[in-house]
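Given these sequences and hints, build the entire structure.
Here the protein sequences come in this chain order: A and B. Residue numbers for the first sequence, in the working numbering: -5 to 150. Residue numbers for the second sequence, in the working numbering: -12 to 764.
Careful: at least some of the hints might be erroneous.
Below are the DSS-like pairs computed for lysine-lysine, each with C-alpha atoms no more than 27 Å apart in a straight line [said to hold, decoys possible]:
#1 B:K7 <-> A:K147
#2 B:K548 <-> B:K592
#3 B:K50 <-> A:K(-4)
#4 B:K2 <-> A:K147
#5 B:K7 <-> A:K78
#6 B:K7 <-> B:K546
#7 B:K174 <-> B:K335
#8 B:K551 <-> B:K2
#9 B:K263 <-> B:K67
#10 B:K635 <-> B:K757
#11 B:K757 <-> A:K50
#12 B:K293 <-> B:K335
#13 B:K201 <-> B:K67
#14 B:K547 <-> B:K592
#15 A:K147 <-> B:K692
#16 B:K5 <-> A:K78
#17 B:K5 <-> A:K147
#18 B:K304 <-> B:K174
#19 B:K431 <-> B:K635
#20 B:K50 <-> B:K263
#21 B:K476 <-> A:K78
#22 B:K757 <-> B:K431
#23 B:K304 <-> B:K387
#24 B:K546 <-> B:K592
#25 B:K387 <-> B:K424
#26 B:K174 <-> B:K387
#27 A:K78 <-> B:K2
#28 B:K476 <-> B:K548
#29 B:K164 <-> B:K335
#30 B:K550 <-> B:K476
Just so you know, these hints were derived from the structure itself, not from any lab. Bear in mind the structure is a predicted one, so any value in this text is a computation, not a measurement.
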Amino acid sequence: MKKSITVTLNGRKTTHDVEPRLLLIHFLRETAGLTGPHIGCETSICGACTVSVDGKAVKSCTMFAVQADGREVVTIEGLASNGKLHPVQEAFWEQHGLQCGYCTPGMILASKQLLERNPHPTDAEIRHGLEGNLCRCTGYQNIVNAVRSAAGKMGA
Amino acid sequence: MATTTITKTGTLVGKRLKRKEDPRLITGTATYTDDIQLPGMNYASILRSPYAAAKIRGIDISKALEHPGVVAVYTGADVKDVGPVPCGASLPGLRVPHHHILAQDRTYFVGHPVAVVVAADRYIARDALDLVEVDWDPLPAVADPEKAIEAGAPAVHPEWPDNIAFNFHQENGEVDKVFAEAEVVVKQRIISQRLIPCPMETRGVVADYRGGDKTLTIYSSSQIPHLMRNLVAQMLGIADNHLRVVAPEVGGGFGSKLNVYAEEALMGFIAMKTGKPVKWIETRRENFLTTIHGRGHVDYFELAAKKDGTILAMKLKLIQDLGSYHQLLTPAIPTLSVLMMPGIYNFKHIRADIVGVFTNCVPTDAYRGAGRPEATHGIERMVDVLAAELNMDPAEIRLKNFVPNDAFPYATATGLTYDSGNYAAPLHKALEIVDYKSLRAEQKKARAEGRLMGVGISTYGEICAMGPSPATPAGGWESASVRIEPSGKVTVMTGIKPQGQGEETTFSQIVADELGVEMDDVTVLHGDTMVVQYGIGTFGSRATAIGGTALYFALQELKKKVKKFGAMILESDDVSFSGGQCICNRTGRTADLSQIAGASYRAMKLPPDTDPGLVATNFWEPPNFTFPFGAHICVTEVDRDTGAVEIKRYVAVDDCGRIINPMIVEGQVQGGVVQGLGQALYEHGIYDESGQLVTGEFMDYAIPKATMVPWIETDHTVTPSPVNPLGVKGVGEAGTIGASPSIVNSVVDALSPLGVRHLDMPLTPESLWKILEGARA
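And the structure:
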C-alpha cells in the first residue's frame, strides 16, 4: 500500500507515492535520483547518508521516507547556490579534507550543522561533533582543519 | 597551511595544489557504482552461509521464484562451470582449492555465497531471499590458525586434513652458526591480528549485457579494472575484448578492491542469462563477512646480537591465517613479509619459514601495507625487545644498526636491492622535533610521580612501486597514453586506478610542467578498459612511481613530435620547446601548442618521416622496487585505573623520495598513521571457535573516529629514488607501516616499570587493565 508524500527537496517541492517501508536514503537516491547522500553501513553509524531535515542533520538510512512528508530536506546537492560553493564545501576542498570522497557529503552536512550550533568550535568540539561520521582515508586531521577554516570564513 | 590555486604555469611539481577531483566529490555529483542506474535494471541479493562449515543437503527455491517481482534465482548447480575465482599467486607446492562462485555441496566460511535472487528492486530481492530454503548439515569448523594445524583439527578442505596450504622457506647466510655463537639471543611471539579493511564504500557490481554484439560491461568498485577484465572474461568463458570493465569513482580500497571476487562473475552471468542489467551492492554486513580481511599472522621471532647491540641474525616462523580459499594474492602476502623482515638494518643472516594455514574464515589478502606492516611490526618490536634486554636506548640501538649511507644500492639478506637511503636522517629529525632528551627527562619525572608515560620509536623501511614484472603475478609495469587534442588541450589515459590518492591532480602537475600548459587544460582518464590502454592498477604505492613514470616518458616522446611540427611551422631547423610553445632559436618566432596541434591533425603538410596527430603511449617496466623509509615517534600515557592509552604526541618523519604535491603526501601519511593506529589500539577481526565473525558491524569493529585519534605532526626528508626519473618512491602505505610499532613500543615503554616486555595488539583498555590489575595483585 503506497502512500503519497510531498517533500521539499533542496528547495523544490516533490510528490511521490512510496512504500511505507522505504528508507529516506533510498527515496533520495532512487526515487528522487540524487547521488550525493551515500550508503555506508545501513546501521546509522557511519554517517555517509547524513542529510538535513528541517535544519537538523539526520542519518537518512534510519528514517523512513514517509517521515519526511511535509518536511524540508537538504542534501549536498542543495548546498551550493548560484554556482557558489558553501563555505564548508570550499574549506574541505582547500584543506584537503577528503580523499576518496565517499564520506564527504555526510561529513559536510554534519560539519555545517556543527557550525550552526557552535560557530567557533575548538578542535576537541569539532572532533566530538563529527563522532557520528566515519572516514577511513584522511585520519580526520584535514577534516578538523577544514571545519576550523570554514568557521573562520562563516564568521568573517 | 593554506593552499593556492595556481593558474599560471611554472614548476608545479612540488607545489601544494588543490585537487582537481574535489569539485565533483564535494557537490555529490561523482558517480560511484551504486549511482549507476540503467533502464530495466534488476537487483541481486545473495544468500550466504550462516555456518562456517556445513553440507548443503538441498536447496528449495520454488517459493522465492513465486514471489511477485522475482525474476530469477540461481544456485551453485547453475554456475558450476563459471569460474573458479582466481588465485594469481603461485608458490611451490601450493594447494589451491577450487573456488566456485556459488557454493556447491558444502560451505567453508560464514558468508560463503549459496544462492542469488534477482528481482525488480532491492527490497523485493531481499524479501525473497528469506524464501529460499536450504537444508543444512552443520560440520565442525576451525577458525584459529594455530589450532588448525594441531593433530585432529577439523579439516577445512577434506582433501587436505592437515589444513596446510603451503610451506615456504627462505634462508641466507649461516643462521645456525651465528645464533650458536651469539652473545645475546632474544625471542618473542608477536601477533599481527586479523583486520577488516572497511573502505567507506562497500563493494558493488553492475553488469549489462548486449546480446546483439555479445558484449558485457561490468561496473565494479575496483583498484584493478584491466586485470579484472582479463580474469572475469576467463571466468565467464568470453573473449577479453567482449568484456568492458569500468571502475567508476571508487570510495576507498586499501587493498580490499585489489581483487576479483565471485560477485563480478556472478553478476556477469546473471546479466547474460536474463538479458537485463543487474546491480548488486554489498551491504556493510556482507563487507565484513565476505570481502577479504588483512594481516592474520602469528610470528615467532628470534634475534641474535652482540652485547653492544649489533644485530647479527634473525629467525622467523610465520603462521599465516589464509582463511578458507585463496583470493587473488592470498598466499603471496606473507612472502612480502619475509622480503621485508630485515627492515632497514644491516645484517645478513636470516631464516624464515612460513606455514600457510586454511581456516574456516573469509580469506586474508592485501590490506594497506600487505605483508610489510607485519614485518615492520616484527622487526621494530624485536629491536626494542633487544634494547630492553641490553638496557640500551631504542634510538641508539637503531642508529647503530642502520644500513650505512655509503652502502646503497644495498643488497639485503632477502634478495632485494634497496635503491637509496639515509636512514639516520628522519630519525635525527624526529628526535629533534620531540626534543628526545627532554622527553626522557620528563618520563623520568613522570615515573617518579607514578605515571605511566612511554616513548616509542619505529624506523621503518618498505617496498613500494610494485613492481618489476618478474616479481609480480600479472605484470608490474604501468602504461600511459597522452593525447594533445586539436585544440592543444591534453588528455591523459593512465592504467592506474586511484581511489582517493589524487593522481588526476599530481599527474596534471607533471603534464603541466612538461608541456607548459595550464593544470585545467589537462584531463586525466582512468578506470575504463574501453577508454584506457591496458594497465595494471593502483596498489602497493605504485601509481606515481610507475604510472607517473610511464606518463613522464610518454610526454618526452610527445615533445619530440611537437618540436618536429613546430620546426615545420616555423620553417627552422633550430627550435626549442618550453612554456607551451616552440621557439625558433634564431628568429625568436613562436608557435603555440594549439597551432602545432591543429597543424598536426589538419596535416596539410607533414614534417619528414612524421605521421599526423599528437599521441604518445608508454608502457614502463621498472628496473627495481623503490624503498621509502622514515621514523615515527609516539608519546603515550596509560591510565593506571582504566588502562586507556592517551597519545600525547605523534611525530611522523617520512622519506618518500621527491614530493609532487606535499598536501596530498601529508594526507596519505595522516590517513595511513590512523589506520596503523586502528590496528595498534582498537581493531580486531574476531572469529569465535565455531567460526562466527563476532566483529561483523561497525558496532563491534572499532575503526577510529575523530575523537579517537591524536594530532599528527608530519615532516619529511627527501632522498630521491634513482629507479625512476621523477625520483619518487611512494607514500600510500608508509603511515600504516610506521604507526603500529611506534605506538606499541610506546605503550610497552610506558608499562616497562611493571616488567612488561611485549604486548599484542590491539592495546584495548581491557587488555592493559588486566596487566595493571595483575601488577597490583
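So, going through the hints one by one against the coordinates:
Our distance criterion of 27 Å between C-alpha atoms is met by K7 (chain B) and K147 (chain A), whose separation comes to about 22 Å. For the hint pairing K548 (chain B) with K592 (chain B), the CA-to-CA distance comes to about 14 Å; that is within 27 Å, so the pair holds. The suggested pairing of K50 (chain B) with K(-4) (chain A) holds, with an alpha-carbon distance near 24 Å, which does not exceed 27 Å. A threshold of 27 Å between alpha carbons decides the hint, and for K2 (chain B) with K147 (chain A) the separation of about 24 Å falls inside it, so the pair holds.
For the suggested pair K7 (chain B) and K78 (chain A), the alpha carbons sit about 17 Å apart, so the restraint of at most 27 Å is met. Of the supplied pair hints, the one linking K7 (chain B) and K546 (chain B) holds, its CA atoms being roughly 24 Å apart against a limit of 27 Å. A C-alpha spacing of about 18 Å is found between K174 (chain B) and K335 (chain B), which places the hinted pair at or below 27 Å, so the restraint holds. Taking the CA atoms of K551 (chain B) and K2 (chain B), the gap is about 31 Å. The hint is violated against a cut of 27 Å.
A threshold of 27 Å between alpha carbons decides the hint, and for K263 (chain B) with K67 (chain B) the separation of about 21 Å falls inside it, so the pair holds. Restraint check for K635 (chain B) and K757 (chain B): the C-alpha separation of about 22 Å stays at or below 27 Å, so the hint holds. The suggested pairing of K757 (chain B) with K50 (chain A) is violated, with an alpha-carbon distance near 42 Å, which exceeds 27 Å. Pair hint K293 (chain B) plus K335 (chain B) holds up; C-alpha atoms about 14 Å apart against a cutoff of 27 Å.
At most 27 Å may separate the alpha-carbon atoms for a hinted pair to count; K201 (chain B) and K67 (chain B) meet this at roughly 22 Å. With a C-alpha separation of about 17 Å, the suggested pair K547 (chain B) and K592 (chain B) falls inside the 27 Å cut-off, and the hint holds. Distance check on the hinted pair: K147 (chain A) and K692 (chain B) sit about 25 Å apart at the alpha-carbon level, within 27 Å; holds. Between K5 (chain B) and K78 (chain A), the direct Cα distance comes to roughly 17 Å. Compliance with the 27 Å bound is thereby established for this hinted pair.
Between K5 (chain B) and K147 (chain A) the CA atoms are separated by roughly 18 Å; this keeps the pair inside 27 Å, and the hint holds. Straight-line distance between C-alpha atoms of K304 (chain B) and K174 (chain B) comes to about 11 Å, which keeps the hinted pair within the 27 Å bound. Restraint check for K431 (chain B) and K635 (chain B): the C-alpha separation of about 16 Å stays at or below 27 Å, so the hint holds. With a C-alpha separation of about 22 Å, the suggested pairing of K50 (chain B) with K263 (chain B) holds against the 27 Å cut-off.
Of the pairs offered as hints, the one joining K476 (chain B) and K78 (chain A) holds, with about 26 Å between alpha carbons and a cut-off of 27 Å not exceeded. With a CA separation close to 24 Å, the supplied pair K757 (chain B) and K431 (chain B) stays within the 27 Å bound. For the hint pairing K304 (chain B) with K387 (chain B), the CA-to-CA distance comes to about 26 Å; that is within 27 Å, so the pair holds. The straight-line distance between the Cα atoms of K546 (chain B) and K592 (chain B) is roughly 19 Å, inside the 27 Å bound, and the hint therefore holds.
Between the alpha carbons of K387 (chain B) and K424 (chain B) the distance comes to roughly 18 Å, so the proposed pair stays at or under 27 Å and holds. Our distance criterion of 27 Å between C-alpha atoms is met by K174 (chain B) and K387 (chain B), whose separation comes to about 20 Å. Note on K78 (chain A) and K2 (chain B): the hinted pairing holds, with a Cα-Cα distance of about 25 Å set against a maximum of 27 Å. Proximity of K476 (chain B) to K548 (chain B) is assessed by CA-CA distance (about 16 Å); at most 27 Å being required, the pair is judged to hold.
With a C-alpha separation of about 13 Å, the suggested pairing of K164 (chain B) with K335 (chain B) holds against the 27 Å cut-off. Straight-line distance between C-alpha atoms of K550 (chain B) and K476 (chain B) comes to about 16 Å, which keeps the hinted pair within the 27 Å bound.
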